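Chains A and B, in that order, are what the protein sequence lines are.
Per this note's numbering: the first sequence = residues 3 to 451.
Per this note's numbering: the second sequence = residues 518 to 1323.
Honestly, the hints are just simulated from the structure, not real lab data.
Since we're looking at a predicted model, the values are computed, not measured.
A hint or two may mislead.
Keeping only pairs whose Cα atoms sit at most 20 Å apart, straight-line, the calculated DMTMM-like set for lysine to aspartate or glutamate is [said to hold, decoys possible]:
{"hint": "1", "chain 1": "A", "residue 1": "Lys427", "chain 2": "B", "residue 2": "Asp787"}
{"hint": "2", "chain 1": "A", "residue 1": "Lys325", "chain 2": "A", "residue 2": "Glu275"}
{"hint": "3", "chain 1": "B", "residue 1": "Lys657", "chain 2": "A", "residue 2": "Asp426"}
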Amino acid sequence: MWNKVFGTDRRFCDRITRRRMLRVGGTSLLGGLTLPTLLQLQANAATSKPPKAKACIFLMLEGGPSHIDLWDLKPDAPAEVRGPFKPISTVVPGTQISEILPLCSHLADKFTILRSHSHNDNAHQTGRHWVLTGYPPSFADGQAKGVPFNELYPSIGSIVSRELGSDGDVPPYIEVPNALGPGGPGFYGAQYAPFTIDSDPAQPDFSVRDLTVPDSITSERFARRVTLLSEIEQRGAGQQAIGRPQALTSYYERAVDLVTSPQACKAFNVQSESTAMRERYGYTSIGQSALLARRLVEAGCRFIGIDHGSWDTHFDNFASLEKTLAPPMDRAFSALVTDLDQRGMLDDTLVIMMGEMGRTPQINKDVGRDHWSQCQTVILAGGGIKRGALIGATDSTASSPMTQPYGIQDLLRTVFHLLGVDADKVYLTPLGRPLPIVNGGKLIDEVLA
Amino acid sequence: MRQHICIGLALLTEIVIPLAAWGTEPSPLRVCPEAIRLDSPESFEQLLVFELSDEGIPVDVTRQAAYSTLAAGVVEVSPSGQVVPVSDGHADLRVRVGKHETTVAVEVRGVAAPPPVSFQRDVVPILSKAGCNSGGCHGKAEGKNGFKLSVFGYDTAADFHAIVMEDCGRRVSPAAPDQSLLLLKATAQVPHGGGLKIERNSRWYRLLRRWIQERGAVDRQVEHLVDISVEPAEVTLSPHGSQQLRVMARYQGDHSRCVTAEGEYQSNNDAIAAASRDGLVTATDVPGEAAILVRYLGQVAICRVTRPRDEGTFARPPERNFIDPLVWDKLELLRIAPSPLADDATFLRRVFLDTIGTLPTAAEARSWLADPAPDKRRRVIAELLNRPEYADYWAQRWSDLLQVDRDAITPQGAVAMTRWVRGQIAQNAPYDEFVRAILMAQGSTLSESPAAFFQVHGDPEKLARSVSQLFLGVRIECAQCHHHPFEHWDQQDYYALAGFFTGIVRQPISQGALKIVGKDGEDMKHPRTGRPVPAAGLGAAVADLPPHADRCRTLAAWATRPENPFFTRVIVNRLWAHYMGRGLVEPLDDLRTTNPASNERLMNALTDHLIALHYDLKAFTQTLLDSYVYQLSSQVNDSNRLDLQNYSHAAWKAVPAEVLLDMISQATGVPEEFNGWPRGIRAIQIWDNRLPSHSLEVFGRPTGRSGCACERGAEPTMAQALHLMNSPTAVRKVQHRDGRAARLAASNLGTDELVDELYLAALSRFPTDGERPLMRQALARPADRREAAEDILWTLLNLREFVFNH
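Looking at chain A on its own, in the form it has when it is part of the complex:
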C-alpha cells in the first residue's frame, strides 16, 4: 500500500507538491496561521554551547539483557555463574565481548561499553519507568496495567520533543515498532506524546497507521479535499479561532506536511532501501526498526525509541540468547553504527542500547537468569561519545560495579548534555511542584569524547 501511494503510480511526494496543497489564494492552509508552539520549541534549545548530538536513537532491550553473557563475561567465574559463552577479542586491544556478538566485535572501536551502570529497582515496569523518565515511579510494579502508565513524569523522548522540536517534517519523537511502556509525555500533555508507528517495518506490508492516504483516494482527490478544506476554513467559523483550535490548525498543517512532504514520506518508506542495505540491518524487527530510525534521523526526527522485547530470560537463557535474541541485535546495532558512520552521521547521532536491568550472575534451576538491576552494561555510540572506550569494571561475578557506579540520572544527564538540553530546567507539575528535567545525577565525563 505504501509503495502505491508514495511509489511511482501515485506520487504525492512530487506530483502534487506540498506547496500547492498548502498555498491557496496566497495564504497557507487553513487561514495562514502560524505554528507558534512548534516554532517556539525549536527556538528553545536550552544551551549556550552547541550540542554534540542532533538526535538520539534509543534501543530499549525490554526485559533486561544478560550483561554477563553479552558484554561483561567472566570466564574465570564458577560454572554456575559464567555460562557457556566464551569471550572473544575485539578490534580494540584488551576489550573482549561475547562470542555471540561477532559483528559488534569488529566495530568495538566505534562505540563505548559502560559496564558500571547500576540502580536498585529490580522490576520491569518500574525499572523501565525509571530508565525512560529519570524518575522512580510512584506505582508498585505490576499494578500499572496497560499503557501508558506514566501519568506524571515525561519520558526522555517527550522532553527532547519539547526542548528541541523537530528538525524537519517528521514528528520529533517517534516510537517503533511499538510504544515504549512508559515512553509517554506525562504531565507535559498530549502534544509531546510520541508518534507511535505500531507496525513492524520488517513486515512486507509495513505502513504507518493514519499516515497513509487510503487506496481509494487518488492523489488528485486528496488534493481536492485539502483544497476544499482550506477554502472552507478561510470562510468559516474557524477563521477567528484562538487557542486550542489554532493549535489544531498547526497540527493539521504538520499532518498535511507529513502526508505530502517528500522528505517525510521518503523517511518512512523503509522499503525503498536497497535489498543489500536492508539485509545488512537484518530482516528482523530490531534490524528494520534501526534502519527506519536512521532514515528518520535524516529527516529531522530528534528521538527514536526502538522497542525490542523478550530479553527477560528466566528460562533457557543461553539458547534464547544464542539463537533468538543476540544475532538480530548484533546485526542491527553493528549495521546502524557502521551505516551512521559511513554517512558521516555518527558524530551527531547518539545511539544508546540498554534494558531496564541486567541479569543475575547465578544461573537458576531453569537454566535462566533472573532480574539484576545492581549491574548492567550500557552501550553508547556517536553524538559526542568516545569511540572504542571501555568504561567501568565489575567484580568477579559481574554482580556489582567495582568502579564508580553510574545510575540512571547520571546516564540521562549525560544524554541531555549531549543533545544540548538543560537537564536542570524546571517545569511545574499540575500540582505546582517544580520538577527538574533530571533530578540530580552527575555528568559521566568518562564517556565523553
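Following the hints, complete the assembly by docking chain B onto the known chain A.
Below, chain B without anything else, positioned relative to chain A:
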C-alpha cells in the same frame, strides 16, 4: 487554621481601595509608610510612593522618585525605594517626584547595639528566599549532597539541627564566621552545586554572619508570626504599568516588620501581570485580572491586579438572570466588549454537545431552526436535561472522576458502579446526597452501589487525597510531606482528614470483589511527632466522633454541609468550567484563598444559588445555560480577543474522546463497532475505560489513574489530525456504502438539498452564502456525485468547527 481561612476569605471578598485612608490633603504624593523605624543593622523597609493621576488613581512612582536626607549617614535609600540603616539617629527622608515633595521621618537605632538575630524569624526566611530549602535543592526529601533542610522551612528545629549540629558543626564557625561552610557555599566561594545564592557582604550575608557570630543560638523566645499583609491589596495597572509591593509580617503583640525582600512572589497569570523577585508587579498589554501570591514562612497573602483595556466604551447587553449582570460588571470594569449572542444553529450544536455529548440529528436541527417560538432555547435546554443521553454522558464524566477503572475494581465492579452513577444522574439525585452516598458506601463492590470507590482507593491516605480534591477542591497531597506551599495546610491537616478513613474494612468475597464495611477507626499518627492526630475536616474543629460508629458518616456530614466553604464551590466550578470552557477557578479542582476566582461575586452568587436549589444539578444547569453569557458567540472582537477568563465570548472547547468518536459515527451515518458490544452502542454508553480503541486513545481518553480533571487530554495533537484525515475509522465511515454520503448521493435530492443534509448532519447548520458556490462546484460533475458527497463530508469532519464545541 480556621482563623487563617477567615482572614484569607476576607481578603478576597473585600474591595480594598488602595490606600484609601489618605485624607483630603491636596498634595498628589503619598508615601507608605508615613514614618520608618529601623531597629537593627540589617533591618530594611520598602517604601511605596504614589502619585495621584489626573483621574484620581494612585500610580506607583517609587522608582521615579528622588530620595535624599538632610542628616547624612543615618540611612540609605536605593532607587527602588528600599531604606536601610547606616547609623543610629533621626533623619527626615525627602521624597521628590517632579515638582512635588514630601518627607518621611526615619528613626534608626540598634546599629551600635544590635538586638540578637533570631533563627526562626531572620535566618529561615533567608534560606527560603535564597532557594536553599526549595524542593529542587536541600529541601528535597533526601537533601542534597549531604545537607538536608525542611522544604520551605516548615521544621525549624530540624533545620537548626542540620545547620548547627550536623557535619561536625563545620557549617557554622562562630570564631571565624566568614569561614562558615554555610556562608562559603552560599556565596560560592567554595564550589557549590547551587551556585551563588547570597552576595558577599549583602544584607542577608551580614545577617547570617551576625547570627553565626552570636554563636548561632537557638531562639530562646520565638516571636509567633500571626499573618502577613501586602500593600496594595488591589491595584489597577495601565498597559505595561508596574507596582511595587510592600509586605508586612505581623507578630503576636501586634509588632510588625517589613519582609518585602524575603517574601516570595508568584503570579497566577503571567500573561496579564508578572511579579519579580523583589515584589515588583509588571503588567503586560493583555487586559484582565491576575492575583499575585505572596508567600512568607507558610503565610500567604494576595494582591489582585486589574488591567483594564485602555480605551473602549461598554454597551451593556441584556440580562436573562443573575449571572449576566455579574459578568457584565466585570467586563465593564475591564472595558471589554462581549461578543453578540450566538446564532441559533451554533447555540443548538453547543447545547447538545455540552449537555448530552451528542450532535443534533439533521432532522432535529432542521425542525428546531425552523421553529419561530421565542422561548425555544429555554425549551430545548429543558428537553435535553431529560434525555437518556444526559444520564449516559454524565455517568461517563463522573465515572472518570470517580476513577471507575475496570482493572482496579474488576469489570463487574465497573459495571455495577457505572450503573449506580447513571441511576443517580437519571433520577437527578441532589448532589449532596450523591456525595454522601459515595462517602458512606458499604457492601459488595459488585452490587449497584458506589462501594467500589473504597476499592479504587485502597488506603486512608489515598482516600483523603481523592476526596479532598474531588469534593472539596483542595489538593491536600502536598501536605503529606510538607507544609502546602501555597496554603495553610500542613501534615496535621492531612493526617486529620485521613483519620476518617481508618475504619474501612475490605473483606475479599470473590474474584477480586470486596465487601466494604465501615467500622470505628483510629487516629492516624503524625509522621514527625508520632503523636495521634485527631480526625478533623479541613479547617474544621476536631470531629466529634460517636463511639463505635463508622467515621465516614461523620466526614460525610461535615463535607456536604452547605456551610462547608469548599463543598459547593467545587461543584459550581466544575459545572461552570464544563459549560463555559474555563473554571472561575483554574485549575478547576484547586480552590485556595490564594487562587481566587476570576469573578468572586459570581462564584458566591452561583454557590448561594445551588444551595437554594438544594443541590438540584439539573435546575442549576438550566440556570447556567439560560444565561445570556452561556449563549454568547465564540466569534471574538478586537476588545475581547485576548480575554480568556471573563467570559466575554464563548470558548472553543475540546470534546471528550468518546463524544468525538460518536460525532463522527453520527455525521457519517455509520456506527462504530466495539468489540464485544452490541451494534449501535455509542462510545458515551461504554463503561469499559480500557476497551481497546485506537480512535479513543488518539482523541485523548484518560486511563483513570487519578481523580485529576487534567488527565483528559484537552490539547489537540498531530496524531489526532492525522487520524481524522486518514484513519480507516474516519475514511471508511465517510465512504461506507450505507453511509450518509452514499445514501444522499443515491437519493433524488438536488445539489443544494444534498449539501444542506450534509451540513446539518455534521455542523447542525446550513451552508453560508460563501460556501454554497464551492459546494456546487464540488458537485458539478453528476457522474462523480457520490465521490463529491464523500469529499464534502470528509471536509466537514476535518473542519475545526466540527472537531471543537464552540
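Hints and how they fare:
Simply put, Lys427(A) and Asp787(B) have alpha-carbon atoms about 19 Å apart, close enough for the 20 Å limit, and the pair holds. For a cut-off of 20 Å, the pair hint linking Lys325(A) to Glu275(A) is broken: about 27 Å separates their Cα positions. Taking the CA atoms of Lys657(B) and Asp426(A), the gap is about 15 Å. The hint holds against a cut of 20 Å.
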